[in-house]
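Protein sequence lines, in the order shown, are assigned to chains A and B.
Numbering-wise, numbering that gives the first Met the number 0 puts 235 at position 236 of the first sequence, and it's gapless, one number per residue.
Numbering-wise, numbering that gives the first Met the number 0 puts 72 at position 73 of the second sequence, and it's gapless, one number per residue.
No lab work stands behind these hints: they were computed from the structure.
A few of these clues could be false.
Said to hold, decoys possible - Pulled a few chain A residues facing chain B out of the computed Cβ check, cut under 10 angstroms: (1) H51; (2) G214; (3) N253; (4) V254.
Glycine is no exception: its CB is placed at the ideal position from the N, C-alpha and C atoms.
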Amino acid sequence: MKNYLQRKLLGMLPLLFLVSAAAFALVRLMPGDAATAYLNAMNAPITEAALHKVQKDLGLDKPVVVQYGIWLKQALSLDFGLSYMTKRPVIDELMLGFYYTAVLTGSAVVWIIVFSLPLGIMAGRRPGSFMDQFIRAMTFLGSSIPSFWLGFLLVEFFSLRLKLLPVQGAGTLKNILLPSITLACSYLAMYTKMLRGGIVEHSGGTYVLYARARGLKRRTILWRHILPNALNPVLTSLGLSLGSMLSGAVIVENVFAWPGMGRVIVRAVAGRDYPVIQGYILVIAAVYIVLNLGVDILCAMLNQRIFTEEET
Amino acid sequence: MKKRKMKMTAALLAAAALLVSGCGAGQTKTDADVDRQVEASLSAYGQEAANVPEDEQQAANGQEAAGQSEVHAEAGGQEAAQEDVLVLAYPKDLGDMNPHIMASPMYAQDWVYDGLTALVNGEIVPELAESWEISGDGKQYSFHLREGVKFSDGSDLTADLVRKNIQDVIDNKDGYTFLQCLEEIESMDVPDKTTLVMHLAHPCNSLLSDLSFNRPLVIAGEAAFPESGNIYQDGVKKPIGTGMWTVEEYVQDQYTLFARNPYYWGEKPAFSYVRVEVIPEIETVVNALKAGEIDMYIDVNDGLSADVYRELEGLGFSVDMAEGTQVTSLSLNTAGEILGDVSVRQALSWATDNTVISEMVYGGLQKPASSYFADSISLAQTGAGRYNYQPEKAVWLLEEAGWKLEEGRDYRTKNGAELEVDMLYDTVFKNGKTIGLVLQEQYKNVGVKLNICEEDSQIFRKKWKEGDFGMILYSSWGGSYEPFATLAAMRTNGDKFSTVQKGMENKEELDQVMNHALRETDEEKLREDFAYIMDSFFEQAVYIPLTVSSTLAVYNSSLEGLDLEGGKDVMPVGSVKRKQ
């Protein structure tokens, strides 16, 4: 277990290094440059002299490799520099939105767990039954509805007709419900389907047959043998989805005026705010990697063979 | 079976509890986080929890101050004070409220800061300057400040401070080539506490209108200046102004709570607080209006469509509309490969039917424009010719210019090349695509192919400046910027406004006339200059005017008093009150 964790943690370092280099390079490949964007934001005329001055002030006149080295050195101590536009520390800009996006994503994950687990089990236990057909139909519907449309539908029903929940904002507990359900919907459908498939697949396995032969109860076979195996791909996939939920929540955030990372990054991209964009990519990548590590550990705990195979 | 069901129910309940506790924890954190943000934001602004000592408030405003502090205590919680808070929505965050740069929303800078003059109904009127005298040669302006004006922190407005603010902008004048007055002000004297004398190098027609802009020549209090004394470059320390409102609470990307400035020199607003929610999507704004979460929406960004405006009116919301001064037009690249030919430009002008755009795109809420400048700009009403919709003239001109329509083809060709023009617009221009589609159809009728090109703001400006476009779809600045600031930009070599005119036959002479117009004090000669400018624009078909902007407002029917036309502010909510 210790060796397993050590290997996983060490494997993160080169990955983060590669991400940082890619983030740095990609941002500079974007059309338009930071110095021009800066002058535009200041409403200053874009003359050669002005560009030269801004490039010098922002450190953009140095060779790209030197710029990268300076940035990486600072980033190692979580100092991503100052935003070109707001002159505030990048980490402050990011954390402001990150907190709200994390709350939104976390709540969506809770919805996913609460609903996809029982629905997947109900559908998978009796394939072909009415319940299975119904749940499958709902999952098709859930995964086909565009999130922004679902968001507006939910607002129309719960906020405007029933007047139960607020339309927008992030001030109260009620504010989180509609955005998190909207964000969760398509993932919920996907995981219900995935779990159902896993249960159906594993129910026909020989180990299930032997378990029955040993006289184990159906419930015990389901919870102790089938479910841990069926959950493995679901958890792995959920780990991957968490990253995309964090970065893809922007549409839902816009619909509900939720002050998450979406606004920060859209503003940064529009203003070619290099430090903020780089910091954003790196933070999202780090979260993505950490979440996946967490999921790997969880899978390994559910299935001890993973540890054993890794050890050998 | 029963047991299984019970287990399932228990599992669901446990998960629901987890959700609630998760949310609850999140909420506790949210509130704490919001508090932290408010603290951080206010400390970033250097604001204390209450920026005016209560005894000072009472001394200044008697009962009102006490009432205000009472509301203040509850404003964050926004419970009991609901009645005294007007809630609006705006698509963008407040930003840093630097009075000397143009990054924060105009409405907020309007509310917090004042200038020496203001523009009301097209007229320059006194604001912080109660009166002024202009010397006979037009090179000396003496401004007399209002007596007893205080900033929102209780400090006095002095002529010294006015000079300090204007000097900060002059020191950074490279950022404002369109403000002719910054070039002309040679020195400023302060003979006494309430008098400021400006000495100019040449007469400057635009001085009074330049001073009426809601940025950058507005006056911030001493507490706003950083140690360097350079607000423009080093940012504002506190958003302290003499305006009707002051920033009470700010949570980035969520909302700003403006409180009534207890020291405001003008008529006090009816509401004690205005809360502006940041809502980027117009659909969300409409839903928030319907749900009663916001009281009012004033559309200054072309976001509200005519359909929605009329739907809300039908639902019982009060609506209001005022004609604006911004004109949406097409700027044709006079130095472009195809549009460099004046015949093609004239042909496109004859082929454009802006009444269709007015009706189809704006549902009649924006009227067709007749020139690059709005009709309210009297100097620009010179009687210059206009291109009315006559597609047959367009066809004739194109034929004459050698662009032939071969049988079986949709578009004209010349020397094997197709007649196609790129229409470039900024992605933030909401109706760009729709306008493009209407024009595409109209130009196709005369055999011209229009390519609709949407670009993000950075690329849009870059291409415009570098002349990498066929035509630009854009709304003019309007307000105090017209006509002089626009002329100043047009005559500045290298400015994107000048790039459009680069290929005009008389560009050199036109620049001289524009320069002259900026300094000419004799009205008759000034009108002659404008006649030349407007005739040049017409004859060389540089601009195709489309529509004149309008400001729309939709609000809860329990409100009254909104005056979109009579106020100097972009969002004039000072006169708004709840019906008795």
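So, going through the hints one by one against the coordinates:
Restraint check, A:H51 versus chain B: the minimum CB separation of about 13 angstroms is more than 10 angstroms; hint violated. A least Cβ separation of about 19 angstroms between A:G214 and chain B goes past the 10 angstroms threshold, and the interface hint is therefore violated. Of the supplied interface hints, the one on A:N253 holds, with its beta-carbon coming within about 5 angstroms of a beta-carbon of chain B, less than 10 angstroms. With its C-beta approaching chain B no nearer than about 6 angstroms, A:V254 sits inside the 10 angstroms limit, and its interface hint holds.
Checked against the numbered hints above, the structure breaks hints 1 and 2 and satisfies the rest.
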